[in-house]
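Enquirer: Sequence:
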Amino acid sequence: MKIAVLKERAAGERRVAATPETVKKFIALGNSFAVESGAGAAASISDEAYAEAGAEIGTAEATVAKADIVLGIQAPDAALLKGAGTGAMVAALFDPFGNAGVVDNYAKAGLEALSMEFMPRITRAQSMDVLSSQSNLAGYKAVISAAEEYGRAFPMMMTAAGTIQPARVFVMGVGVAGLQAIATARRMGAQVSATDVRSATKEQIQSLGAKPIFVEEVEGIEGEGSGGYATEMSDEYKAAQAKLVSEHIAKQDIVITTALIPGRAAPQLISDEQIATMKPGSVIFDLAVSQGGNVAGSQADQVVDKHGVKIMGYSNTPAHLAADASALFARNHYNFLSAFWDKGQGKPVLDEEIGDAIRLTQGGAIVNERLKGAA
Numbered sequence: 086m087k088i089a090v091l092k093e094r095a096a097g098e099r100r101v102a103a104t105p106e107t108v109k110k111f112i113a114l115g116n117s118f119a120v121e122s123g124a125g126a127a128a129s130i131s132d133e134a135y136a137e138a139g140a141e142i143g144t145a146e147a148t149v150a151k152a153d154i155v156l157g158i159q160a161p162d163a164a165l166l167k168g169a170g171t172g173a174m175v176a177a178l179f180d181p182f183g184n185a186g187v188v189d190n191y192a193k194a195g196l197e198a199l200s201m202e203f204m205p206r207i208t209r210a211q212s213m214d215v216l217s218s219q220s221n222l223a224g225y226k227a228v229i230s231a232a233e234e235y236g237r238a239f240p241m242m243m244t245a246a247g248t249i250q251p252a253r254v255f256v257m258g259v260g261v262a263g264l265q266a267i268a269t270a271r272r273m274g275a276q277v278s279a280t281d282v283r284s285a286t287k288e289q290i291q292s293l294g295a296k297p298i299f300v301e302e303v304e305g306i307e308g309e310g311s312g313g314y315a316t317e318m319s320d321e322y323k324a325a326q327a328k329l330v331s332e333h334i335a336k337q338d339i340v341i342t343t344a345l346i347p348g349r350a351a352p353q354l355i356s357d358e359q360i361a362t363m364k365p366g367s368v369i370f371d372l373a374v375s376q377g378g379n380v381a382g383s384q385a386d387q388v389v390d391k392h393g394v395k396i397m398g399y400s401n402t403p404a405h406l407a408a409d410a411s412a413l414f415a416r417n418h419y420n421f422l423s424a425f426w427d428k429g430q431g432k433p434v435l436d437e438e439i440g441d442a443i444r445l446t447q448g449g450a451i452v453n454e455r456l457k458g459a460a
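Under this note's numbering, the final residue of the sequence shown carries the number 460; numbering is consecutive throughout.
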């Protein structure tokens with residue numbers, strides 16, 4: 086089979102869907118591999134490195150010509166894939182709920198769209214989970230960027246001239262990104278606290294040496310949805326959570342928000358009134374800004390000053406660590422396809438549990454049940 090990787094065309098996207106490491110592994114399975122010239126430049130991977138790994142380097146048209154599988158970070162426009170083989174597989178991020186038009190175009194083009202963000206969160210799919218691998222880096226980058234904007238030291242420092250108190254960091258949302266943010270802030274010497282609507286995360290927070298901040302007076306609300314994601318909470322819980330956060334946030338130097346609900350706009354966690362209670366010079370990093378944001382007034386790729394507090398967030402945080410993010414994403418792609426590789430047929434044969442979960446289009450139609458239900 087021919088596997089192809091194009092240069093990413095989305096604004097601000099610096100990642101690439103394959104590395105020389107994964108190119109070699111795919112070729113070892115008996116495939117040919119083609120990479121568009123310059124595809125890895127923003128991730129510090131040269132055309133020469135791909136060529137040495139065995140890939141053919143060429144134009145976009147030559148790269149996708151008769152390709153059986155196309156790997157991407159963000160799904161390329163269907164128009165770019167006109168020369169691909171009939172029914173070619175395309176594995177990438179599709180944002181299916183936000184970009185229905187893209188999915189429609191793939192169906193019309195007869196392509197098999199495989200949405201990597203729909204990968205089920207089950208044990209055997211952990212190595213294929215691009216959301217987890219990229220969120221891990223995003224949580225790290227959020228703390229590093231917030232620390233730079235904060236402009237003060239993170240750890241306690243005792244000097245002859247006096248003592249500098251440690252920065253107080255509050256992480257809201259303890260998924261993959263939140264846990265990495267906690268660990269990073271702790272390594273940098275900050276005094277860290279965290280909260281989540283899922284009560285099961287309390288032990289995880291404590292295991293990283295941070296202080297859990299949880300609503301205690303509202304009974305019977307676990308906040309655990311399918312796949313380990315948070316669910317929308319009751320009005321009673323929201324009110325209690327807002328009160329608790331308001332009291333806690335006023336004492337913090339840095340706040341990292343990470344809350345996302347798949348297929349929906351990000352929930353607002355911090356209001357303008359709460360921002361006003363924070364100390365001048367404090368920083369809020371909104372990791373959900375690209376999906377509407379957790380913070381009132383946050384804007385993607387801008388530092389907004391409100392009440393003396395700096396609010397920031399990137400539209401594509403993993404792309405700010407392009408080399409590492411690409412390496413992990415590329416391994417997710419390889420782990421996914423190689424797990425289903427049928428040597429006899431010389432191609433991946435997806436099973437129902439994972440195949441049906443991530444397949445959006447096939448045979449000219451939209452086939453994913455989640456999309457049909459959202460229609």
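Hints in this document: simulated from the structure, not taken from any laboratory.
Some hints could be false.
Only pairs whose alpha carbons sit at most 27 Å apart, straight line, appear in this in silico DSS-like list of lysine-lysine [unchecked claim]:
| no. | residue 1 | residue 2 |
| --- | --- | --- |
| 1 | 432 | 151 |
| 2 | 432 | 110 |
| 3 | 391 | 428 |
| 4 | 92 | 151 |
| 5 | 323 | 364 |
| 6 | 432 | 336 |
| 7 | 167 | 151 |
| 8 | 457 | 364 |
| 9 | 296 | 328 |
| 10 | 364 | 395 |
| 11 | 296 | 193 |
| 12 | 395 | 323 |
Enquirer: Would you mind marking each hint as holding or not holding in the structure?
Expert: Against the structure, the hints:
no., hint, verdict
1, 432 / 151, "holds, 15 Å"
2, 432 / 110, "holds, 14 Å"
3, 391 / 428, "violated, 59 Å"
4, 92 / 151, "holds, 17 Å"
5, 323 / 364, "holds, 24 Å"
6, 432 / 336, "violated, 56 Å"
7, 167 / 151, "holds, 9 Å"
8, 457 / 364, "violated, 47 Å"
9, 296 / 328, "holds, 18 Å"
10, 364 / 395, "holds, 10 Å"
11, 296 / 193, "violated, 52 Å"
12, 395 / 323, "holds, 25 Å"
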